Every structure is written in C-alpha cells, then in structure tokens.
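For the protein sequence lines, the chains are H and E, in the order given.
Residue numbers for the first sequence, in this note's numbering: 17 to 439.
Residue numbers for the second sequence, in this note's numbering: 17 to 439.
Hint data in this document are derived by calculation from the structure and do not stem from the laboratory.
Because the structure is a prediction, the values reported are computed rather than measured.
Watch out, some of these pointers could steer you wrong.
Note that identical chains are pooled: a pair holds if it fits in a single copy or bridges any two copies.
DSBU-like mimics (lysine-lysine), calculated; alpha carbons at most 35 Å apart, straight line [to be verified]:
#1 K252 to K160
#2 K295 to K160
#3 K295 to K36
#4 K160 to K139
#5 K160 to K347
#6 K126 to K347
#7 K36 to K347
Protein chains: 2
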Amino acid sequence: MSLVVQKYGGSSVSDAAAIKRVAQRIAETKKAGNDVVVAVSAMGDTTDELLDLAHEVSDGNHARELDMLLTAGERISMALLAMAIRDQGVGAQSFTGSQAGVITSEHHGKARIIDVTPGRVVKAIEEGDVAIVAGFQGVSVDTKNITTLGRGGSDTTAVAIAAALGADVCEIYTDVDGVFTADPRIVPTARRLERVTYEEMLELAASGAKVLMPRCVEYARRYDVPIHVRSSFSGKEGTWVTADTDKGDTMEEPIIAGVAHDRSEAKITVIGIPDVPGKAARLFEAVAGADVNVDMIVQNVSAHATGLTDISFTLPQSEGAAAIAAIEADKAEIGHAEVRYDDEIGKVSLVGAGMRSSTGISARFFGALRDAGVNIEMISTSDIRISVVTRAEQLDAAVQAVHTAFGLDSSDGEAVVYGGSGR
Amino acid sequence: MSLVVQKYGGSSVSDAAAIKRVAQRIAETKKAGNDVVVAVSAMGDTTDELLDLAHEVSDGNHARELDMLLTAGERISMALLAMAIRDQGVGAQSFTGSQAGVITSEHHGKARIIDVTPGRVVKAIEEGDVAIVAGFQGVSVDTKNITTLGRGGSDTTAVAIAAALGADVCEIYTDVDGVFTADPRIVPTARRLERVTYEEMLELAASGAKVLMPRCVEYARRYDVPIHVRSSFSGKEGTWVTADTDKGDTMEEPIIAGVAHDRSEAKITVIGIPDVPGKAARLFEAVAGADVNVDMIVQNVSAHATGLTDISFTLPQSEGAAAIAAIEADKAEIGHAEVRYDDEIGKVSLVGAGMRSSTGISARFFGALRDAGVNIEMISTSDIRISVVTRAEQLDAAVQAVHTAFGLDSSDGEAVVYGGSGR
C-alpha cells in the first residue's frame, strides 16, 4: 500500500463532468489499496472571475481581502470533488489550506510555505477517507490570516503535503502527457521524457517549460519528493521527476533532457553608461527596487575608449514598464544616455544534467543555430544549461534545430551521447 | 460612542454597485464615531448557484461538503465588502464564521450556535477597523468542521455576535422599511411599527411575517439584544424589536402589533381514526418521525357515536408528501380510513402583547371575519395571538378586514385600545 498525493489543476475540474471524471480516477486509486490525498485548484476560470469581481468593486490594494476572496475558488472545487468521490463509494473529506495545516508567511498573494502540520489530513486517512486539500492557499503563521501562494501554488501545495506526509509519490495531473524534450507544438517530433532530474526540471521550468513551476520543483528537490507529471485525460504513464540517482534504472542517463523556449521576456538595453565602478550596481539597484526579476545580463566592452559602456538585460515583459520607469527615475545617478526596450525576442535553452560530464555540447549547440541561420544576441549558461536570446521570429527554427542536433527527435530513438573536449 | 452590529442580506449586496453602497453606509456609521461589526450574507443568488452546481455533481447526501461549498458564498461577499469599505478610507477586516468564533453544533445545514468567542473581532475593533463577519456559518465544537446555520442564519449570526460583544444595537438591513402592521402588498394602508416586543415579533414571524426569522428573534430575546429592522435603501428609521419595558416611551403600548398571514401551509385531514386512547399520539409520532413541523391541530368530536374521529393539522406545504407517506406507512397502527391533503388554505393571525390585559379581542376578530364573509376552518391561540385557517382565496380579504377592525389602517392614526370582558 502506497500513500499517493494527487494534484488536479483548474482545467481538470473545469465543470461537473470533469469533476466526476477526476473523482473516478481518485476512487480507483483508493480502491486499488492506496491512501490518497488530493490537492485541487479552483475550477476553470473561477479565479479570473473572482478577480474580475474584485476589480468591479475596487482598484485598491487590499491584499488580505483579495486572498480571502480568491480562496473561495478552491473551497468550491474541493467540496464538489469530495461529493463526487463519495458518490463512488469512497469516503472523502475536504480541507482548506488552514485546516490542512499549510502554514505560510504573511506575504499575501505570494506567501511562502513555512511549515505543514497536516494533523487533520492524517486523521482523515486513518479513518479510511480520501483527504482533499485546497491548493494555492494557507494560513499565515503570525496573524492567522488566510494567504495565497501565488503562481504555481497548487503544485507547491501538493508537493508540500506529500513531503509532510512522507508520500511515496506526488502525481501532478495536467493537460499534457508529461515533460517533453521540447514543446510538441513547435517540435512535432518531441518525445516524452520518462525521467528527469530535479535539477534538469528546475532549469527547464526556469527556461520557459510551463508544465511545472520552478518553485514546486525546488520544494520537491529539497524534501526529495518524487513527482510524477501525467495527463488527467489519458491515464498514461507520464514523466518522473526525481533525484539524480533515485530509482535510476539505466547506467548511463542521456546527456540532454530537452530544449525549452520562452517568448515572455523582453530585453532592455541601457546605452552610454559611464564605464566607472559602481554604475552597473546602481542600475541594478534601481531595477531591483522596482521588484523586477532580471534574467540574463550582458555588458558590452567599451571598445572605442569612449569611457562609455552599454548594458543589456532580459526580464519578463510584464515588468518592462516598471523597470524603465525605475531606471529613468535614477538617471542622474546611473548617468546613462538612453534606454531601449525590445520585446521581440525569444530565448532557447538546452538543458541536461549530463552536460556536467560531457564535452562539445556548446560547439554543437552554436553550430546548430548557425546552420539554421539563427542570430544570437545574448548567451548565458549554468553547469547543466545553455541559453541564448534570438529574434522572436527565429525562435521556432532555433528550437527545432537544437532539438534535431542533439538527437532528440522521436525517430532518432534514444538521445545520443557525445564525446569531445569541453564546451 | 456605540458598538453597532449591522447585518446585510444577499439582496443588499447583490452586485458591485450594491456592495459599494453598503460600504458607504458602513463607513459613515464608523466615521460617526461608532465601532462597527457587520454580518453579511452571500451575494444575491450565489447560494442558489452553488446549490445548482452541487446538484450537477451529485444528488447524494453530503452535508459536510455541502456546508463547505455554501460557505464560499459569504467568503466572496465579505471580502469584496471589506475592500469597498477600505476604499472609503476606513480599515476593514473580514472573518469567516470560524475565525469570528461562531461555535456551533455538528448538525450540518441546520447547525445551532453554541457559543461565540469573538476574540479576533474584538481585536479588529480595537485596531480601529470594521470587522466583517460571514453570516450563516460557523465551526462545529467537536469536529471543527465548517457548518451552516440554515434559514435565517445570517440574521442569527448578527444577533449572536451582538450578544457576545454586548453591542448597543443589532441593525438588520433589509429591502423593506421595517415591520408593518400587515403586508403592504395586501393592505396598502398598513403602517410601519416603531417598536414591537420580542414576543410579538416571535409570534408575527411564526405566523408568516418574513422580515425576521423566529430563531433570530428568540436569540435576541434570550440575550436582550435590541434589534433595529430597517431598509438598506432608504436609510429611514425602521422598527425596533426590544423587550417589553426596554426603552418604552409610552405609558400605554398599543394592544395590537399587527396582522400576519401565511400562504405556505397545507392541511392534512386524517379521517376515520378509531376514537380510542393513543391513536392521536401514534399519528403524530409517525409525522414527527418524518421530521415534519406540525403547526395547528384540530380533532373533531365523534359526534355520531361511530367510534371514529377525524384529526386535521397544518404543516408546511414542502413537507406534505413526507407527512402523507409517513402516515400511510403506519396505517395499520393508526387505523385510519383515509388521508386528505389540501394546500388551498391560508392562515391569518392577529398578534399583540396587549391581548394579555385586554378583553373583547376574539369577539372583534371573529366579527370582522364574519362581516367580510370569511369562513373559518381551524383556530389556534396563544396568550398574545389568535390565528385562523381560511380558504386561500379568502386570505387577502381576511387580512384586510382584521387590519381595519383593529384600527391599524394608517388613516386611523394610532391603534385603538379596546375594553370589554375576555375574549
């Protein structure tokens, strides 16, 4: 008998029929002899509808009350799901984040999980029931106010509950069959990965793969919770996200996990900054002060002895206006001449834990882009990732070229292992 | 400075514009120097929509989960209301029933309030904020499950919070201007009552007056909480519901508070019951076993020495089918010949605390009905009420005739005081 935590997102419980389908799957898992805990999101568009309602009433900043409002969404879905499970002849009890012991920081809308004390969940399991836990929500440790966890919150709830219960697996149900070597809409030959490490999944998620949020993967890595990403429609085996050595059944892991892309970033170039110490720091202090998340940074060398330099960085498009305003507000201290904004960019990233021990990866990566006629604007790397910024209209071609060059196309069978000397 | 508890029902917060209007009234009360606690219902049709959703998912009996579901309704309205109040420059915090310390029995859907421990509400008041409390909901003392209070629940929440806080007044905002001497849709000359006693309001409510539920009035009477029933639209002074002597500013209270009517009942007549001891008891045991609320009971005398008798009783129409089924199921033991069901009845009731000390009330009551040509089918009385059952189509005429006979029409000025010898 296993303890299985399952997470269902909003699209899996979008209406009554979908809820009944999910309930059947949960009941089957229970009847197969497992203990089952479920984390569930709000139904379909409920959260957006509640946000619309809030905007009708107020454009003010009422973070505590907004969290109170939004948490009604999971309350509805979890109660309906519990009813549908009970109709399958399986006991079920739903619990709010607070009732399930999801203790968070006070940061409304973006709360961090501090602790999970799932006494009532454990009791429900001991009573033979399925426990349904509201995703995305918790209760603040200090004020006892209701909080929400922000983006990726329900996945994080599931992983956190799984960690606290010592679950055997955290199954994340979604609308795709798992994690793929690339987005199948761009690369039709992309293959489903049977297994990917936490580190690789983190890099893929941070590079634009949308199937899991980095935060949930970080949590799983910290507490070593095996995640199984799978389809709530097909019921097929999906992708396991685990530690490097955990449950590995092949001696040699493929070097490359996949190719991720991201179309949601923009590039800001700050031109004519005096090339003296402290100016770059001043620039990024201004940006950080506006709560902007900077991704890649490139500083051009002052090639012509002008005493001036240019700095480019990428950031989410949604934070572009705030960043520019912050930079211009500090213009006197930064001393730059001009700020340029460009949201016609794309980012392609190659991720693989095997990069650490393999060589020639970079050469092949850049060669593939060159052969495809893709121009590279910025580069960044980690020990298991290479990312480049391209023109937005060249992004698809870049993803396809890299995917093919590393033997990831499904017709090629297993990804090949390269030798060589450094990258 | 007073402590004011205000209650707003679903129609007062039916959409964003209504919520903003209510928020303005609350903010004005606060700015006038009062401490304010608000109990609020779910917006407009939210509860019905959630019930529809539940029926789409399941027709089963999932009382715990249904309560979890329905309590999402007040969560939405109270959070939105708190936002709108904050936009008026007044601090506001919303609290679920559980957070506000509304401790109830475990009876899902019909929970009784056992205790109120409003520590967080008090803290919010001390912080200078308006506290918004979800109406209709609480948390069970034993299991910590979320409960709902059933019909009239939000009014009861308001009164219970007011009692626990020792509030100076509990203002119940509704869509009418107060309690009237009769339903103005039937009696256009009906007058608003400035003041009515708990006992009178209880009898009026139990006799069909819909402005307050008996349960909420009972609670107010037990803890001596002054209720002020008033319109959320007009802002005019409404009707005060208080103890007999409390705040009385006239030496002689009017005898009659008003005329109530009820069109929601039915009459069941059980014919040919053996006229021996225990048969009536057996009949009503059967009915009680089906959880039916019996109102009036009449047993006809066995006039013709047949050894058989007939028993009639009234009950809510909605419980008719259950009652008939229960009686027929026990037919062997009750021994009756036939059951007749009649939902074409109406009930008119005259209520007034002054009946206790006045005489001639009954004679005038029956005289008025006789003069109006209204036939009387059943009679019941308490020390401050007379009720009769009539044909449904004669009900309006009966209400009008009684209203006029007791000088309640607005053109008559104050209700007159009758003398005489007993009724």
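**Prompt:** How do K295 and K36 come out at 35 Å by Cα distance, when the copy is not named: within, between, both, or neither?
**Reply:** Cα proximity of K295 and K36: none, with 59 Å in one copy and 49 Å across.
**Asked** Between copies, within a copy, both or neither: which fits K36 and K347 at Cα up to 35 Å?
**Response** neither (58 Å within a copy, 42 Å between copies)
**Message:** For K252 and K160, with the copy left unspecified, which applies at a CA distance of at most 35 Å: within, between, both, or neither?
**Reply:** neither (41 Å within a copy, 39 Å between copies)
**Prompt:** 35 Å Cα cut-off: does K295 pair with K160 within a copy, between copies, both or neither?
**Reply:** neither (43 Å within a copy, 58 Å between copies)
**Request:** Tell me, please, which holds for K126 and K347 at an alpha-carbon limit of 35 Å: within, between, both or neither?
**Result:** For K126 and K347, only the intra-copy Cα distance (31 Å) is at most 35 Å; the inter-copy one is 65 Å.
**Within, between, both or neither, where K160 and K347 count as close if Cα-Cα is 35 Å or less** = neither (42 Å within a copy, 57 Å between copies)
**Asked** How do K160 and K139 come out at 35 Å by Cα distance, when the copy is not named: within, between, both, or neither?
**Response** Both: 22 Å inside a chain and 13 Å across chains, each within 35 Å.
Hint violations for this structure: numbers 1, 2, 3, 5 and 7, all remaining hints satisfied.
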